[in-house]
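A.B. asks: If you want the building blocks of each chain, they are given just below.
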Amino acid sequence: MSTDAKPAGLTKRDGGINWATLRGDFPILHETVNGHPLVYLDSAASSQKPRQVIDAIRHHYEHHNANVHRGIHELSNRATEAYEAARQRVAEFINANSRDEIVFTRGTTEGLNLVAQTWALENLREGDTILLTEMEHHSNLVPWQMLAQRIGAQLDFIEITGDDGELDLQWLDEQLARARLLSLTHISNTLGTVNPVVEICARARDAGVVTVVDAAQSAGHTPVNVQSIGCDFLAFSGHKTCGPTGIGVLYGRRELLEAMPPYQGGGEMIAKVEYRDVTFNVVPHKFEAGTPNVAGAVGLHAALDYLDAIGRDSIFEHDQRLAKRACEQLGEIDGIRLFGPSEGRSAVMSFILPDVHALDLATMADQKGVALRAGHHCNQPLLAKLGVPATARASFYFYNTEDEVDRFIEVIHHVRKLFA
Amino acid sequence: MTTFLDTTIDKLIENFDFLNDWEERFAYLIELGKKLPPLSEAEMTDEHRIHGCQASVWLRMLPQSDGTFDIHADSDAFIVKGLIAVLLLIYSEKTAEQILDTDSTATFERLGLDKHLSPTRRNGLHSMVSRIQALAAESTAQTV
Ligand SMILES: Cc1ncc(COP(=O)(O)O)c(C=O)c1O
Numbered sequence: 001m002s003t004d005a006k007p008a009g010l011t012k013r014d015g016g017i018n019w020a021t022l023r024g025d026f027p028i029l030h031e032t033v034n035g036h037p038l039v040y041l042d043s044a045a046s047s048q049k050p051r052q053v054i055d056a057i058r059h060h061y062e063h064h065n066a067n068v069h070r071g072i073h074e075l076s077n078r079a080t081e082a083y084e085a086a087r088q089r090v091a092e093f094i095n096a097n098s099r100d101e102i103v104f105t106r107g108t109t110e111g112l113n114l115v116a117q118t119w120a121l122e123n124l125r126e127g128d129t130i131l132l133t134e135m136e137h138h139s140n141l142v143p144w145q146m147l148a149q150r151i152g153a154q155l156d157f158i159e160i161t162g163d164d165g166e167l168d169l170q171w172l173d174e175q176l177a178r179a180r181l182l183s184l185t186h187i188s189n190t191l192g193t194v195n196p197v198v199e200i201c202a203r204a205r206d207a208g209v210v211t212v213v214d215a216a217q218s219a220g221h222t223p224v225n226v227q228s229i230g231c232d233f234l235a236f237s238g239h240k241t242c243g244p245t246g247i248g249v250l251y252g253r254r255e256l257l258e259a260m261p262p263y264q265g266g267g268e269m270i271a272k273v274e275y276r277d278v279t280f281n282v283v284p285h286k287f288e289a290g291t292p293n294v295a296g297a298v299g300l301h302a303a304l305d306y307l308d309a310i311g312r313d314s315i316f317e318h319d320q321r322l323a324k325r326a327c328e329q330l331g332e333i334d335g336i337r338l339f340g341p342s343e344g345r346s347a348v349m350s351f352i353l354p355d356v357h358a359l360d361l362a363t364m365a366d367q368k369g370v371a372l373r374a375g376h377h378c379n380q381p382l383l384a385k386l387g388v389p390a391t392a393r394a395s396f397y398f399y400n401t402e403d404e405v406d407r408f409i410e411v412i413h414h415v416r417k418l419f420a
Numbered sequence: 001m002t003t004f005l006d007t008t009i010d011k012l013i014e015n016f017d018f019l020n021d022w023e024e025r026f027a028y029l030i031e032l033g034k035k036l037p038p039l040s041e042a043e044m045t046d047e048h049r050i051h052g053c054q055a056s057v058w059l060r061m062l063p064q065s066d067g068t069f070d071i072h073a074d075s076d077a078f079i080v081k082g083l084i085a086v087l088l089l090i091y092s093e094k095t096a097e098q099i100l101d102t103d104s105t106a107t108f109e110r111l112g113l114d115k116h117l118s119p120t121r122r123n124g125l126h127s128m129v130s131r132i133q134a135l136a137a138e139s140t141a142q143t144v
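Residue numbers (the working numbering), protein chains in the order written: chain Y, 1 to 420; chain U, 1 to 144.
If you are wondering where the hints come from, they were derived from the structure by calculation, not from laboratory data. As the structure is a computational prediction, the values presented were derived from the model and not from experiment. Incorrect hints may appear among the rest.
[As the list claims (entries may be wrong)] Pairwise CB distance ranges, derived in the manner of DEER restraints:
#: 1; chain 1: U; residue 1: L19; chain 2: Y; residue 2: P196; range: 49 to 55 angstroms
#: 2; chain 1: U; residue 1: H51; chain 2: Y; residue 2: P27; range: 34 to 40 angstroms
#: 3; chain 1: Y; residue 1: S228; chain 2: U; residue 2: D21; range: 35 to 41 angstroms
#: 4; chain 1: Y; residue 1: E410; chain 2: U; residue 2: E47; range: 41 to 47 angstroms
Where a beta carbon is used, it is the ideal one built from N, C-alpha and C, also for glycine.
Bound conformation, chain U alone (with noise of 0.2 angstroms):
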């Protein structure tokens, strides 16, 4: 459930424009990273580990009763948790096909992040993209 966050992606798009400049949204960002809950060293394995990302980020999907998936993802950058937690409010809590239905670049454009962040922390945002529209393959690939 992403409702820790106390946000939706068209509220936080609306505080993002409101907000003056960078140094704010990423303070912005940092503060909703922090809302995240972590995971636990258990989680932390290579498996669920997304390499790419110049920070380390942890990433699972677990599979609900509705045939939705919940995101669990932690990294020990507070920015990238920000970033996941952006991940979370567009992905999480989808079936496997809204998952490989949504595109998120539109967002990302709209919220600015595909100017303002660095191409090394685009590539690792791609890199969680790419995690969670692949696991969400392989599960609509195992029920068929």
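So here's chain Y without its partners, still in its complex pose (with noise of 0.2 angstroms):
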């Protein structure tokens, strides 16, 4: 089915993508909301969907459709076939060894989850330290934090340096020599920060530390190499890169994902069970009990060879010209409090305006048919470090236009005068 998930829109122009065109791969863009065209800006919070996921995953319900791994019968082949290919395509877009190395998941929490109640687990005594950083998502926060009280481990978090949002990376050979485990993400959601994940790995490699990336804000942005990255672990969710809701990936290096105990207990993850005794599947199985969101799998399938059509390099590209021409015009606003980095930074932007609350900014935008987010995006730690009760934030994805952060801007002025 891979070859159906082609972008219809993709068409060049000098020499490039036509951006443009590529929406109307997604039915979703062309809604009205409160009367004007939607300018959907809450990417980071899910992507919307092309036609060629939707199409997939209609497909595998109108042909396809069985239970995976037991059947005999021809569909429970399909079934098997598609979800199995699904795992092989995972594999391939993030470049890990074999399909045995992805498991799937309900996203990029229950991976997290995983690892700390498998792994972690098993391996961390009392006493030992995990490293995390100061600007996780509370799915890479409270995992650690609910597995530390039960151990009696404790977290130590890199420092970010201020309303720049980079890591304090000084202290991070001290920080390493005293830890076990590292998990931190690869891009922030709140900040935009893209971490060099590269570097703190190889240095945690040093150490004998064990990494965990959370690519929850970058598996749809920009390359995802495991291998380059070098890290132990690394999980995301379907529906942040196009793909649908319900289905995410646990990648883990071979020989941990064997040595660890399984997550749950249930069908498929059994070799062989007696009444008093079991012996478990081999790797990825062993870690997916139950019948699986196959649907799901089918979906990311498609998302995944949509995106590496467009070319993840050119979305990074793409989105970090709309975060540039969003930075600038937001700079120009007297009294803002922009977060984030200013250079190489991904396409999501938190701020503060000097009259209006960031609620009442997202409530009079989604008047205008611009859905923003306003809160803490799920990093309160973060919020209460920066001294901010809620901060604004914009996102944007390959399917959004200059246009649209025109529009946004203008949202923005619009509503700043109904404050004045």
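Quick one: dock chain against chain with the hints and give me the complex.
C.D. replies: Right under this line is the structure:
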């Protein structure tokens, strides 16, 4: 099915991609909201889906649906093939050594919890240190807090430098020397910082520290290659990469996955079961108890085909172009506080206006069809550190246009007048 | 006293009907919110803070000599201040019994706020009403 998932709207202009025509692939982008054309600037929360992904899911239910890995009949074989082909596609997408290193999950959150409750629970002891950063999403913080409370481990944090949201790496080697595990985000969902994961993971490896990368914000936006990053685990979500909700990926290095205990018990994850004894299935099936989200995996397969047909390098360049345009115009607003680095950032930007509360801005922007997020973005400790109760956040993706950036800025000016 | 708001709940409903779209209604709420006297820093304590709202909200109920309550509340967000103003028009300067007997759901429905506030906003509004009624209930329990 991978050949079906080519972007229909992929056309060239001036030797580059004509981004505006790609929008034709996204039915939802033609919605009207409160009487205005939708300007969707909340892709960091969830991306929209191209028709190719929606069609792949429909095609699966109309032609291939059955349970996987169990049937002898034709439909079950087709479903199993589609599901395992998706696993192979994910392995290629992140350059894993083998599809056996790919565990399907519900999303990033489940992937991170899986590592905490299996590898970490088995290998960490009282007094051990888990190293995180101050910019982690709650889903890369709370699972570690829960584990630490349970086994008496402690948490340590790589600090951020300030509003520009860079990691302060001057103590990294000392912090790594005390740690057993490091879990960090590739791209911050609030600050837009792109962390130097290659360098950090290399230094962690030298210190014998196991590494986990939260790629929720990066996998669909920039090339993510687990071998060049050199991490032990990496997690991402289908729904932020143009795929469906309810499917995600955990990559784990084979030796680690093989040595880990299973996560949940049930069907699929076993090799042999007696009343009082069980032998577990091989990786990755050992970590996939119960009937998996087959349609989700099929949709994810189409999404990854779609993204790669455009090219993640090109997507990142386009993201950066939009980010630059938005940052420049936001920067002209007197008294604005704009978070995140000024260079080399992703297209997620948080800010506070001097005169309009983030929630008021998002509510009024919605009246104009502009979808923004406002609040703490599942980053409460980070916002507390920055000393703000809430920020407004705009996040762009390849289907957003320069015109939409300008419309967003126009709406900000309009809303500010209402509050003047 | 809610005289600073310079309107009544009936007039508010009438004005809402008269406005053309939700942008105008929100703008009207914002104007109403601007009339709300701010709480002092000293009153913005955790004790008076209402959790369950996305914005920060603080609320106090001050008993008056005639048995009614003056409600003082504030928020860092103006639309929330506007919603607080609506609540004041419904609940301020009433006795505990009146507060406990007043169901604001119907009023919110007439204003259309039940449909046009986001679910999280509605929860926040609900938290404020709950706090007002809980404080009223507390006061009647004390006087019995
Ligand atoms: C950086 C980061 N990590 C983790 C998550 C959690 O992803 P999910 O809710 O899909 O499990 C998110 C989603 O908001 C995120 O932005």
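A.B. asks: Next step is simple, just say for each hint if it's right about the structure.
C.D. replies: How the hints compare with the structure:
no.: 1; hint: U:L19 / Y:P196: 49 to 55 angstroms; verdict: holds (52 angstroms)
no.: 2; hint: U:H51 / Y:P27: 34 to 40 angstroms; verdict: holds (39 angstroms)
no.: 3; hint: Y:S228 / U:D21: 35 to 41 angstroms; verdict: violated (52 angstroms)
no.: 4; hint: Y:E410 / U:E47: 41 to 47 angstroms; verdict: holds (42 angstroms)
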